[in-house]
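Undergrad: Using the sequences and the hints, build the whole thing.
This is what each chain is made of:
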Amino acid sequence: MDLSLSTRTEGDRTVVTVGGEIDVYTAPKLREQLIDLVSSGNYHLVVDMESVDFLDSTGLGVLVGGLKRVRAHEGSLRLVCTQERILKIFRITGLTKVFPIHASVDEALKASD
Amino acid sequence: MDLSLSTRTEGDRTVVTVGGEIDVYTAPKLREQLIDLVSSGNYHLVVDMESVDFLDSTGLGVLVGGLKRVRAHEGSLRLVCTQERILKIFRITGLTKVFPIHASVDEALKASD
Amino acid sequence: MPTVEVSFTALPAHVRTARLVALAVARRAGVDEQILDEVRLAVGEACSRAVNVHQSKSPESPVMMRLTDEQDRFTVEVVDCGPLEDAMGEPSLGQLDAEALASPDATSEPIPDLLPPGFGLAVISGLVEDVAVTSDVDGTHVRMTWPATDVMAPESR
Amino acid sequence: MPTVEVSFTALPAHVRTARLVALAVARRAGVDEQILDEVRLAVGEACSRAVNVHQSKSPESPVMMRLTDEQDRFTVEVVDCGPLEDAMGEPSLGQLDAEALASPDATSEPIPDLLPPGFGLAVISGLVEDVAVTSDVDGTHVRMTWPATDVMAPESR
Ligand SMILES: Nc1ncnc2c1ncn2[C@@H]1O[C@H](COP(=O)(O)OP(=O)(O)O)[C@@H](O)[C@H]1O
Ligand SMILES: Nc1ncnc2c1ncn2[C@@H]1O[C@H](COP(=O)(O)OP(=O)(O)O)[C@@H](O)[C@H]1O
Chain A
1 MDLSLSTRTE GDRTVVTVGG EIDVYTAPKL REQLIDLVSS GNYHLVVDME SVDFLDSTGL
61 GVLVGGLKRV RAHEGSLRLV CTQERILKIF RITGLTKVFP IHASVDEALK ASD
Chain B
1 MDLSLSTRTE GDRTVVTVGG EIDVYTAPKL REQLIDLVSS GNYHLVVDME SVDFLDSTGL
61 GVLVGGLKRV RAHEGSLRLV CTQERILKIF RITGLTKVFP IHASVDEALK ASD
Chain C
1 MPTVEVSFTA LPAHVRTARL VALAVARRAG VDEQILDEVR LAVGEACSRA VNVHQSKSPE
61 SPVMMRLTDE QDRFTVEVVD CGPLEDAMGE PSLGQLDAEA LASPDATSEP IPDLLPPGFG
121 LAVISGLVED VAVTSDVDGT HVRMTWPATD VMAPESR
Chain D
1 MPTVEVSFTA LPAHVRTARL VALAVARRAG VDEQILDEVR LAVGEACSRA VNVHQSKSPE
61 SPVMMRLTDE QDRFTVEVVD CGPLEDAMGE PSLGQLDAEA LASPDATSEP IPDLLPPGFG
121 LAVISGLVED VAVTSDVDGT HVRMTWPATD VMAPESR
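Residue numbers (my numbering), protein chains in the order written: chain A, 1 to 113; chain B, 1 to 113; chain C, 1 to 157; chain D, 1 to 157.
Treat the hints as calculated values from the structure; they're not laboratory data. The structure presented is a predicted model; accordingly, all values stated were derived computationally and were not measured. Idealized CB from N, CA, C, for every residue including glycine. Any given hint could turn out to be false.
[What the hints assert, rightly or not] Part of the chain A face toward chain D, derived, beta carbon under 10 Å:
(1) Thr58
(2) Ile89
(3) Thr93
(4) Asp106
TA: Set out below in structure tokens:
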């Protein structure tokens with residue numbers, strides 16, 4: 001399945017809803033989306049991954065790139081994910097220490113550091 | 001998708017309902033079913049192909065084999081099929097001239113030569 | 001010229017794999033949805049035929065399928081190890097006599113379920129407009145081509 | 001020893017094809033449903049890595065994936081054309097420092113999105129119990145094995 005992307009604004013945060021497979025083929029689309037958001041001044045991102053079926057290390061790289069970009073502006077990038085098979089790759093790579101991972105978009109919107 | 005097979009008796013006829021893909025991999029199961037039916041005395045067969053997704057020439061071969069077997073006992077083998085993509089292969093091979101093809105099981109059960 | 005080549009041991013189960021791959025690559029190559037059923041059937045016929053040839057001639061050697069997507073054409077080539085004579089001796093569709101195939105040949109037991117050799121090729125030539133069957137020292141090549149819009153190149157940004 | 005070999009031009013789209021094939025053959029080989037997600041991810045990582053290696057070293061030569069189903073093992077081997085050094089220089093999972101990866105390195109523009117080379121291999125070794133990475137003149141081989149019940153043989157009647 002291909003990647004689907006949609007964004008909406010909630011207060012000072014921007015929610016990016018991602019669906020489908022984030023892999024070496026589709027990751028460029030996600031990267032472009034994140035770059036667009038940051039360059040238009042959106043520094044507090046919530047990436048909702050509940051509809052993601054597949055995530056590989058290329059996808060992780062794009063998320064890490066996004067995190068670096070928002071951090072350069074004192075921003076934040078929070079993930080929403082409860083799917084065990086997706087969480088597993090964050091755990092294996094130690095990236096659970098880097099990304100705040102929330103159980104729902106609401107929780108992510110309310111969270112602060 | 002794998003092959004599914006079920007049979008039931010309607011008067012002097014036996015309806016074989018086939019689902020899934022009839023190809024070089026699954027055709028042996030269908031052949032075996034037809035041989036079993038004929039050897040246990042069922043000579044008037046109706047093969048319902050409405051749930052077949054895929055049929056190749058190996059599958060056609062098995063149907064032709066079934067037809068020969070019932071004809072050897074003055075029996076009949078009728079097909080039920082309205083799917084254009086399945087009908088196409090019968091048309092290409094001229095087998096529409098050999099098999100009575102019906103639009104419903106009811107029609108096939110009522111038909112006589 | 002993006003290309004995928006699949007070689008597989010001559011087993012019926014792998015014909016399904018070959019169909020699945022060809023379908024996925026064809027779709028990705030931009031072959032029209034309406035034509036995909038034809039691609040699936042034609043690839044299945046070509047591979048089933050090749051598996052049968054190998055099983056009788058050389059069960060150890062793999063069947064090869066090559067998928068090529070260039071410009072606006074999607075091409076599938078299936079190569080079996082069968083010698084020249086096989087392909088030459090096979091009937092064209094015009095020669096198939098459906099009535100004869102199904103005649104109640106009650107005298108011969110066991111009743112054969114296989115249609116005559118070449119039936120698969122006949123189906124392909126009835127189905128696919130652009131098809132070429134050739135033989136060389138490697139064996140027999142069945143080459144089928146369909147129109148496609150090339151969407152296979154990597155994302156352009 | 002039923003085997004499927006897939007060679008593909010080093011393009012991201014074909015990594016999807018490779019995943020699809022590996023998944024279908026693994027399922028057919030009797031790999032447990034619970035493990036299939038792991039197979040899909042590991043094959044994707046190995047093939048993505050190989051595509052990256054080829055794109056920088058030798059974009060014309062195909063990546064090769066071999067699927068083997070013997071007795072009670074399902075094995076996937078992915079071969080890239082990269083020389084010995086590549087595989088040797090890659091960090092093991094233990095060496096990855098997630099914090100460092102994500103440090104706000106605002107001074108360097110453009111910000112790189114690719115994780116360090118070897119990250120894919122590190123994911124594989126964190127994921128798959130039975131994995132071997134070797135190099136020879138052909139390039140680097142990533143070989144991963146999972147338990148399976150052999151259901152691939154042709155129907156036994
Ligand atoms: N035509 C096909 N060719 C190859 N693989 C297929 C095909 N259809 C489905 N598959 C794949 O084969 C696997 C099993 O499919 P299925 O045919 O339902 O199983 P089985 O025939 O083993 O019962 C799935 O991974 C599916 O993606
Ligand atoms: N992981 C995959 N790898 C390869 N092909 C796939 C994969 N998932 C789906 N496909 C196949 O690719 C084709 C298109 O799938 P999809 O990803 O939905 O399309 P696209 O990415 O081109 O929009 C389908 O034939 C499907 O069987």
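Undergrad: Hints first: check each against the structure and report whether it holds.
TA: Comparing the hints with the structure gives:
| no. | hint | verdict |
| --- | --- | --- |
| 1 | Thr58 | 6 Å, holds |
| 2 | Ile89 | 7 Å, holds |
| 3 | Thr93 | 6 Å, holds |
| 4 | Asp106 | 25 Å, violated |
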